[in-house]
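Make the full structure from the sequences, and use the hints.
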Amino acid sequence: MLALNDNNISGSIPPQLGQCTELWHLALNNNQLEGPIPPEIFALNKLINLGLNNNQLCGCIRGIGSLKSIQYIGLANNSLRGNLPWSELEALEHLSILYLNDNCLSGRMPREFPAWLRRLQSWSFAGNYLI
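First residue of the sequence shown? That's 1 in UniProt numbering, and the numbers climb one at a time after it.
A couple of the hints might just be wrong.
[As the list claims (entries may be wrong)] Calculated lysine to aspartate or glutamate pairs in the EDC-like style (CA-CA distance at most 20 Å, straight line):
no.	residue 1	residue 2
1	Lys68	Glu90
2	Lys68	Glu93
3	Lys68	Glu88
4	Lys46	Glu88
5	Lys46	Glu93
What the hints contain is simulated information worked out from the structure, not anything from laboratory work.
This is the structure:
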């Protein structure tokens with residue numbers, strides 16, 4: 001477990017965190033982190049909780065579908081961009097909470113309400129550019 005919330009940490013997320021293969025909880029909320037989320041983070045197979053809310057992270061979230069054990073994803077209030085990877089999110093069978101609100105994510109909302117969203121306890125896409 002690595003929890004460094006509310007520490008005014010600046011700079012980028014070190015890709016070396018991807019070498020922590022036993023990491024199950026990563027919480028870096030409410031800091032000053034910037035830059036993209038390193039793809040190595042999305043390769044952490046045992047990660048259950050990913051909290052990166054309230055930073056200045058940018059870039060896309062492609063690859064997030066590799067987090068097969070993930071239950072909680074908090075990426076709210078950043079500057080993440082690109083199309084929302086619906087099919088990757090759908091593949092996250094254990095996901096129960098998903099916060100992607102207040103970013104710059106784009107793309108089309110599915111015509112029909114996705115079945116996988118029904119299994120989530122809580123989710124938010126508010127404050128993006130979804131149509």
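Contradicted hints - numbers only: Result: no hint breaks.
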